[in-house]
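Build the complex: two chains, separate frames, hints provided.
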Amino acid sequence: MPRFLSRSILLCVVLACGAAQAAPVVTEDRLANGLRILVQEDHRAPVVTSQVWYKVGSSDEPGGLTGISHVLEHMMFKGTKRLPAGKFSEIIAAHGGQENAFTSRDYTAYFQTLAKEHLDVAFRLEADRMRNLLLREEDFIKEVEVVKEERRLRTEDDPNARLYEQFQAMAYLNGGYHHPIIGWMSDLDRMTAEDLRDWYRAHYAPNNATLVVVGDVKPAEVKRLAQKHFGALKPFKLEARERRNAIEQAGERRMILRAPAKLPALLMGYRAPVLLDEVPAWEPYALEVLAGVLDGGQSARLQQRLVRDSRLAGEAAAGYGADGRLSDLFMLSAVPSEGVSVAQLEQALRQEIARLRDEPVSAEELARVKAQVIAAEVYGRDSVFYQAMRLGSYETVGLGYKRLDALVPGIEAVTAEQVQAVARKYLVDDRLTVGVLDPLPLEPGQKQPRNASMGGIQHVR
Amino acid sequence: MFVNVIRGWFILVFAVAAQAGVPIQHWETAGGARVLFVEARSLPMVDVRVSFDAGSARDGVAHGLASLTAALLDQGIKLEGGDKDAQAVAEAFENIGARFGSSVSQDAATLSLRSLSDAARLEPALDTFTAVMTRPRLAEEDFLRERERVLLGLKAAEQQPGEVARRAFYKALYGTHPYAFLPDGEPETVSALSVEDVRAFHRRHYVASGMVIVLVGDLSREQAGRIAERLSAAVPAGEALPALPAVVDVSESKIIRIPFPSTQASILAGQVGMARIDPDYFPLYVGNHVLGGSGFSSRLVEEIREKRGLAYSVYSYLMPMRQPGPFVMGMQTKLDQAGQADQLLRENLQRFVKEGPTAAEVEHAKKNIVGGFPLRLDSNKDIADWLNVMGIYRLPPDFLDRYPEQVKETTLPGIRAAWQRRIHPERFVMVIVGGPQQ
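As given, the protein sequences belong to chains A and B, one line each in that order. For what it's worth, this note's numbering labels the leading residue of the first sequence as 1, then goes sequentially. For what it's worth, this note's numbering labels the leading residue of the second sequence as 1, then goes sequentially.
Honestly, I wouldn't trust all of these hints.
[Unchecked claim] With a straight-line cut-off of 25 Å between C-alpha atoms, the simulated DSS-like cross-links for lysine-lysine are: (1) 354(B) to 254(B); (2) 370(A) to 381(B); (3) 237(A) to 116(A); (4) 408(B) to 87(A); (5) 155(B) to 171(B); (6) 366(B) to 116(A); (7) 116(A) to 262(A); (8) 87(A) to 366(B); (9) 116(A) to 367(B); (10) 87(A) to 234(A); (11) 87(A) to 228(A); (12) 262(A) to 334(B); (13) 262(A) to 171(B).
No wet-lab data here; the hints were simulated from the structure. Predicted model, so just to flag it, every value in this text is computed and none were measured.
So that you can see chain B by itself, here it is in the shape it has in the complex (with noise of 0.2 Å):
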């Protein structure tokens, strides 16, 4: 999980895991989507969420699409009455002072509603939103308007250092896997996109099967039964979808050296990690913890930047997905510093792998990720993001319930174990962005 190190203006609240003892009530509805819910009554307001299989590993070659399906969702919507565009749309919701948004990862696109509970706000509010997920009018002329704004921001990309060498990691690591492209996709593949494209991909994707309804809020069990229904009664069944290809680890060390005019290079160096569902999921996330997952105590930030001064952000995260996600290891540093920092990386890896943590380092991370969890689950907004990764991967019921003890319950010798089966520093994927063409 990504913890970054800021130490400034920036405020950094991570939300990882959650809480023992907050209720989870879940159940399928008549359609097959699955609920769940979580019933706060402190404040008077709502929180929905609704993903679907639709994230952008389903792209096909058509990198890109599946977020702009999310985003021209809301750019109009076709009604009996005639239609709403987004204009109209938009006034639907913020006039109440309703909030919708919608993301996209790489395995689902996940459709969100913030409202007040008042019936007066919250019915109009799920009659948008409900409109919004399965009637959207999908317009040509919205359709070029959006694709136009997903280029420019796909060029945004290209002046950050940081993201030029994200981009450049995942094609390295993933090769010819769907992970190989981040949701937004690529100046070439968006261009060719056509609204048909984002009709059928709609059409497709968005459908009872894999869907997934959160409710977290100021409603009673039977209001989110009828909510859920509501919900899911609304789009068609589908079909479910075909698993995504198995993930191929690379087969031997990659260094790729990207000439960029800045001050510092950006350096990520990983490989292929662990999967949402994964026998290695808590040694591999607790040995992270200890290696660079957990800010200042962690041995990254130890080394690189607390006793030597080379970097403000260093660390290392799991990005456990559908299938392995990524192990990262990041940086950035002035350019004269970049061969050191490479070498720190390896080294402390190597290390860190060959050797394991510490006993007291375990001690460590193991105390802090259970005694921190109450505060991983302190709001209805983390609570929801929570329950919504459990719908997406179909973790069990009381996932959250175990968590503090599945923490508890790594060794010493498991972790080493663990990394030992599963990272090879010996085969790492490198990406250095930064300096003149060499």
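Just chain A, with the same shape it has in the complex (with noise of 0.2 Å):
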């Protein structure tokens, strides 16, 4: 029986501003056969937006199939019994839609957005490639090759990406987030059509997605829609989705990669907990305000205090996500100034670290991430796609649409002591990854000399 519950985010209660306004609202539904439903009204243009996000991603690769979800993804567009390939493309644009996919390590999603009017075209094509699509060895053999030319583009030619990716791979030993998004490139040359036969069986089905509408719409009538073209499509038995999370970390771990490049590049991550783990729940509020401190805008501490004053960093960032769904990284990444070396960055960085284990924040740091995540919902609200990416990723990665209503009030209730406390449990060091990027000379044949860095070498502007 479809459910139909509501929620509304008390955005002027939290805000307390003056100017009067509707609360978003989602209404929840699903269908017989487990396709879960979430349509938010939004009125101001008359456009929608349509995404189907599917419980699989990356980190549900097993090892030798890496990149096997993004390789599916583009192969959704190559046709079904009933459509040819490509002609799925072809019917969104012709009604004025633009539409795409991506997928990430948590999940795969297709969207379409388009003239409100034209909802039931998104649905009757959505529907039909998740039960009935193709999958023809031709058409792989070509995918494939396109998928290799964009790992070539993304990742083997950027020094940065390579960079990340080994990183990624020596912090997460094991587990989920060990492997790129896009595989190895030797995994995307042995993968056959018939691993994506046995991935899209696995895994495509109502009851492994949820339907994400946000628009000029009315939730009863994308419900019509909603059950005339998905409606019949079967169920299968579920496989329980594993959260195969990397091995304890128990000791520092470093890095080097030597490329072609002309600048060097530092990245710390420290292993963190996530919503979604068994941890308080103000932690990763904790760590998000924490991330703010240190790159929260041009007044926060990376700009202010590597970028500015000490003039150490020419890039300097950080970042941490609560809602993945694997436990995941506080990431600090920087470039050093013309004349710094890389172990002098590193230094600094670490010194910001344990600044934020030693005092705690500032009362005027506080209010001022806060402000920045209360106007940042305000913000967030004028996209359309940006409101249904939120409920659909939520969603997919089990932590549910209705966690959103927790994210301001956690925020707001975190404290300068939290905040200390996350970065004495978290911040240390033998939760540490390090990854240098070593630059080699551009020209080959061309002697660079090798990064100062390395050597330890200081210099001192």
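Dropping the structure here:
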């Protein structure tokens, strides 16, 4: 039986804002075959975005088949028993729509954004390829070459991307986040159409998917259309989705990538929990605030202290997301200024981390991070696509979209003591992985002195 | 317009044109700035864009000057009660959740502000924004630091084959015209800049003449009027600048090969295309939609990616600028396929120019562009970006309203004629980055 539930973000209560405004309401539903439906109305423009989210991503892939979720995403445009290859995109385009898909560590999702009257078309096509994909050998052979070109473009020819990929493989020695989303080239080389058919059969069915619709629509109409197109699809017996976390880290890890490049680069990642881990719920929120203290805008510590004051960094960033499916990393990344060694920069970043462990953040910093988070909630509502993304990702990783309601209150409640506590607990050397890009000359045969950082030579500006 | 073919983790929501029915109000301030305003009350936020005739085409030989000037604006301001440094400026915005940004293209410098609309936040955000725009400190130490960072960015570009190709392409195509250089400049010219250059550029270019003010969001017309007057009154009147020199198209084909230790060849090919105000704008635009501007519906993707699996990204676009911007075809493919790719790009363009699109293709492109029109103005951000373009290039106020009908009015013979008149496959600039020295 379908259930209807509603949710509202009481934005103005949180914001204490003067302007009266309607809070976004999410209507929740489920078809008899298990397809979950989330609808959020946004009547600002006569437009709708429709997204189908499957609970499968690269973190579900076994060794030897890395990248298969993403290759399957490509193959989803290669035709069904009813619709020839390429026709999907052609029909959406003819209706003035935009469409594409994306694969992450935690999910695979397909979307169309179109004028509201064409939602029916999007549903018809998505329902068709949910169960009727062809996956022909001749299409696969060409498309896997396209994916290899994608890998060359994004990774092979980008030294920073190569560094990041290898850094991750070391920070997560095993588990779902060990390998890249696009897969190792050797796995793409060995992948077959049969592997893809198996992957499709194992993961693509209504009871493993969430349909998210945001835009100028009414929930009842969306429900009716969903029933019309997806209602007849058969569910399958689902295997429980495993959380394959990497083994515990007990000691610092370091790696160097030597590759043709002009600039060195530094990555530092501390293993950190997410909301889905068995930790007090405030911890991931405190880590979010901590990331804001370091890198929440131009006034945050990394910009202030490393880029402007000491001028050790040309670029510096920190990042953490509480909403991953598996335990994640609290990341720092930086590029040294001209004449500064990577070692010197690493030292400075470690000092910033030590300071977070040793001293509580100031009340002003805390207030600023919170003000930015609250404003970002409003700004985010300017994009129907972004709103649908958040609903879909929370739902698909297993947090449930209702957990989004807890985000702003969760951040609001974080104290300086809690920020210090998570710094002491998680931002410690035993949980740290360090990766360094050591540039080789771009011109073959030309000698370039090994980066000074590696030998520990210190430059002082 | 640039439509990259991306089917991966990346999401591309392209904003190209606008929807009929967005009620644009426009006027001039007492100081002569052009104002474009859309009242959008659904969300308690405001977007501000202010643009000046201060793009990199005004650099002269000091390539990178416009860009460095814009980057320095928020690095400190002069106030009567004492200066604020970069930290204090950043805090003034971020304490109240406001976001400041600046960007520089060849044709304009644009400062942007996004703020919540309640007066307790919007008013101080506008105060800081106005000070950044009109009273930047432009101190020597900030200048030296930001110049170093620009030079670091230019070095980073040297390790990206796509960037190497792009820079070489513009130089080969535009020769001695200011468009030959990307806004961030060249290492030699940036190194030669002084803080005095920046101060002089700011004085001359951040003026009411040519100023465009865009306001979108939770404001009444009266509030918008007051804000626009305040922004406009804060800058000096200034003088209109001379027109940019005319662009001279290349007279013969050039092929530039740049060795690079990459697994792929990055290929860019093209010539001078169209201006923002151009009699052939719509036939060229609709034609390009068919050729390589509409992702999976385009010929280039069909021929090179779908049929042959040669590339992940293959596209063409026309960048409309004050003077004619480039027409570009681009792709990347593994090194040993570069010859085949080069051949296919040429053949497809030659056939397209000679024969034109088919009637079915034109029909399909029109349906896509016109049908997709509402998507292109479905957020305050998109609306503000479009108003900014309309202001900078002095497009008619009904430009967005008339856009769909102008697309519909294009015809197959008209498109073919425009392409034959304007695009000449026999004199093309091609840049290929990748592979060993030959």
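What are the numbers of the hints the structure violates, in ascending order? 3, 7
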